[in-house]
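Visitor: The lines below spell out each chain.
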Amino acid sequence: MSFQLNKQYYGDYGEAKNGAADISTSGASKQEWPLWEIFIRNKQGLDHKHVGSLHAADAAMAIENARDVYTRRMEGVSIWAVETKFIHASNPDDAAALYDPANDKAYRHPTFYDLPEAVKYM
Amino acid sequence: MEKNLETIFQEKIDAEIRIEPKDWMPEKYRQTLIRQISQHAHSEIVGMLPEGNWITRAPSLRRKAILLAKVQDEAGHGLYLYSAAETLGISRDEMTEQLHTGKAKYSSIFNYPTLSWADMGVIGWLVDGAAIMNQVPLCRSSFGPYARAMVRVCKEESFHQRQGFEILLTLSKGTEAQRQMAQDAIDRWWWPSIMMFGPKDDESPNSILSMKWKIKRFSNDELRQKFIDVIAEQVKVLGFTLPDKDLKWNETRKHYDFGSINWDEFWQVIQGNGPCNKERLDARKKAWADGEWVRDAATAYANKKAKQNKAA
Numbered sequence: 001m002s003f004q005l006n007k008q009y010y011g012d013y014g015e016a017k018n019g020a021a022d023i024s025t026s027g028a029s030k031q032e033w034p035l036w037e038i039f040i041r042n043k044q045g046l047d048h049k050h051v052g053s054l055h056a057a058d059a060a061m062a063i064e065n066a067r068d069v070y071t072r073r074m075e076g077v078s079i080w081a082v083e084t085k086f087i088h089a090s091n092p093d094d095a096a097a098l099y100d101p102a103n104d105k106a107y108r109h110p111t112f113y114d115l116p117e118a119v120k121y122m
Numbered sequence: 001m002e003k004n005l006e007t008i009f010q011e012k013i014d015a016e017i018r019i020e021p022k023d024w025m026p027e028k029y030r031q032t033l034i035r036q037i038s039q040h041a042h043s044e045i046v047g048m049l050p051e052g053n054w055i056t057r058a059p060s061l062r063r064k065a066i067l068l069a070k071v072q073d074e075a076g077h078g079l080y081l082y083s084a085a086e087t088l089g090i091s092r093d094e095m096t097e098q099l100h101t102g103k104a105k106y107s108s109i110f111n112y113p114t115l116s117w118a119d120m121g122v123i124g125w126l127v128d129g130a131a132i133m134n135q136v137p138l139c140r141s142s143f144g145p146y147a148r149a150m151v152r153v154c155k156e157e158s159f160h161q162r163q164g165f166e167i168l169l170t171l172s173k174g175t176e177a178q179r180q181m182a183q184d185a186i187d188r189w190w191w192p193s194i195m196m197f198g199p200k201d202d203e204s205p206n207s208i209l210s211m212k213w214k215i216k217r218f219s220n221d222e223l224r225q226k227f228i229d230v231i232a233e234q235v236k237v238l239g240f241t242l243p244d245k246d247l248k249w250n251e252t253r254k255h256y257d258f259g260s261i262n263w264d265e266f267w268q269v270i271q272g273n274g275p276c277n278k279e280r281l282d283a284r285k286k287a288w289a290d291g292e293w294v295r296d297a298a299t300a301y302a303n304k305k306a307k308q309n310k311a312a
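Those protein sequences? They're chains A and B, same order as listed. Residue numbering for the first sequence follows the working numbering, beginning at 1 and increasing consecutively. Residue numbering for the second sequence follows the working numbering, beginning at 1 and increasing consecutively.
Everything labelled a hint here was simulated from the structure, so no lab data went into it. Careful, some of the hints might be misleading.
[To be verified] DSSO-like mimics (lysine-lysine), calculated; alpha carbons at most 30 Å apart, straight line:
no.	chain 1	residue 1	chain 2	residue 2
1	B	28	A	85
2	B	310	A	85
3	B	200	B	214
4	B	304	A	85
5	B	248	B	173
6	A	49	B	254
7	B	173	A	85
8	A	85	B	226
9	B	155	A	49
10	A	85	B	22
11	B	245	B	304
12	B	236	A	105
13	A	85	B	248
14	A	43	B	155
15	B	254	B	214
16	B	155	B	245
17	A	49	B	214
18	B	12	A	105
19	B	173	A	49
20	B	173	B	214
21	A	49	B	305
[Claimed, not checked] Far from chain B, some chain A residues (derived; all Cβ distances over 12 Å):
no.	residue
22	33
23	36
24	41
25	51
26	59
27	78
28	79
29	80
30	100
31	103
32	104
33	107
34	117
35	118
Cβ atoms here follow ideal geometry from the backbone N, Cα and C, with glycine treated the same way.
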């Protein structure tokens, strides 16, 4: 048998062509709607939390789509939509240097201090 | 240097530290994930078609509302997964194009027709049941966005299986014709459902790499056995049977033995020769083409609004 599929298990059904997935087939994506990052507040008093992203032509559509995609079961009382291109992120490769100033300051944690057992409520 | 990065990467995986999109990863890991996540997303989207077939013909308003909600969930699952795949550097349009050109596949199960209302019950019970069995371990997949999407999917999937079982339970207490309809649906869907777990382990050599990278945590055969053990018991509650004369409890193995699977059929369907392959793809392509003016109009409107805002 000479089918080309070289791999098959759940969620990965192989592909027509042998070898690695080609991620640059692009039929020049003409005008994809912009990508938005969605943040949801689960209930009053909690902070907005990132839940994923979606495509929408504008902010109003992003919020309506977010309602349909991310709050079908009352998961939210408030939605933030931020166009992905406006998000600036730290680079994981810089993590060592970036967080270095905090790395050697254990005295910022309460557990750094040994107090006698007799001291209560502290 | 490259080797060094790969060692660090594997150490993170071994230490159960999740990989995030901006972290360094081997190119093959990225490609495997893009393929797996996008094909998983396509399965959710194409998976709406067999069930969509019955929305207008559901037997009651209650069943219709439930089926609508379920199909809407599948759309949502597809979207969670597409957005997870996009974090790896492939665009939504590229993925859509790969589906439409046949370059990317989707689960072979959705290339079978839904002939009766009982099929809605069996799809929920067996097809979603098999999906859950496969998907729960994916919630701990090593790639963060995929694992998070799967947590969301799994939370919603349980309703799907229960509503399916409830449909069959209702039919099982119905008339003789209703019981026959349900049994017929089980007979048609059983083997394709257990094929959903993929080929036997010794014929799926590349899974080893996926296991090492913890994209996947259990082998096809392990999951299939677990599924069969569960379903063989559940079918008793319904008073129906599974169409496998070799299905029998094995006291030594503490598992059910089962008959041999027709892998020729499986490969035929994967290769595009299933009963509904063409119909499914045509439906997706038509939806994409018919929606083009909507996408264009929304873009034009957004551009106009943006210009007006700038002018004001």
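Visitor: Out of the numbered hints, which ones does the structure contradict?
Guide: 6, 7, 8, 11, 12, 13, 16, 19, 20, 22, 23, 25, 26
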